[in-house]
Amino acid sequence: SAVISQKPSRDICQRGTSLTIQCQVDSQVTMMFWYRQQPGQSLTLIATANQGSEATYESGFVIDKFPISRPNLTFSTLTVSNLSPEDSSIYLCSVGGESSKANYGYTFGSGTRLTVV
Amino acid sequence: GENVEQHPSTLSVQEGDSAVIKCTYSDSASNYFPWYKQELGKRPQLIIDIRSNVGEKKDQRIAVTLNKTAKHFSLHITETQPEDSAVYFCAASPQGTSYGKLTFGQGTILTVHP
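Protein chains in written order, with this note's numbering: chain A, 1 to 117; chain B, 1 to 114.
Check before you lean on any hint, since a few could be wrong.
Some but not every residue of chain A turned toward chain B, in silico, with C-beta under 10 Å [to be verified]:
#1 P8
#2 G52
#3 S59
#4 F61
#5 P67
#6 S94
#7 Y106
#8 L114
#9 T115
Just so you know, these hints were derived from the structure itself, not from any lab. Idealized CB from N, CA, C, for every residue including glycine.
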């Protein structure tokens, strides 16, 4: 499966600021996703990062708050903008559909633990 | 969209016993069903998955069964060990020529007592 490097692993940010999270994959992958995991909760999909076009956002998530870039098939960023304490969460990138392998699995990055103060 | 319900939310067993976690899904287009194990402070790790053309899949002490007609699938862990203690998530996805998004269940906290 793909190896994902996600950074930063954690950050403490002031309210009103923004945090950009990076996800780098060691092979070209078809699909990249961004999830949020609030404390003690399940994973909620924020958006699908589309290479060369705008991300596809899930209900309740908007581009102004969570802008996403995906310049190529191995890299994506998620920005969490205008931070408030409610944004304190773990953010995870995920990939699936490796183009070089017949692999139907989805792999997760190590996550970014964001605390907003 | 897809909705995945997972039960129970917590499960406590004695070492050596079996554990069963059940999930139901709503979207008949879903055809890929993975299970993830998440230990405290770590990323979810895929432990087993099943596609809709298969009714059961087994990997050592772990098995998954799928009933597409009833839209439910289950995770079975036999001979549980303390290291099986973790949060388990089921998920569902439509997969055709491209990879669909995963929708997760709410999670089950499994505790295996020595």
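Next item on the list: Hint by hint, work out which the structure violates, then give me just those numbers in ascending order.
Entry: Checked against the structure, the hints that fail are numbers 1, 2, 4, 5, 8 and 9, while the rest are satisfied.
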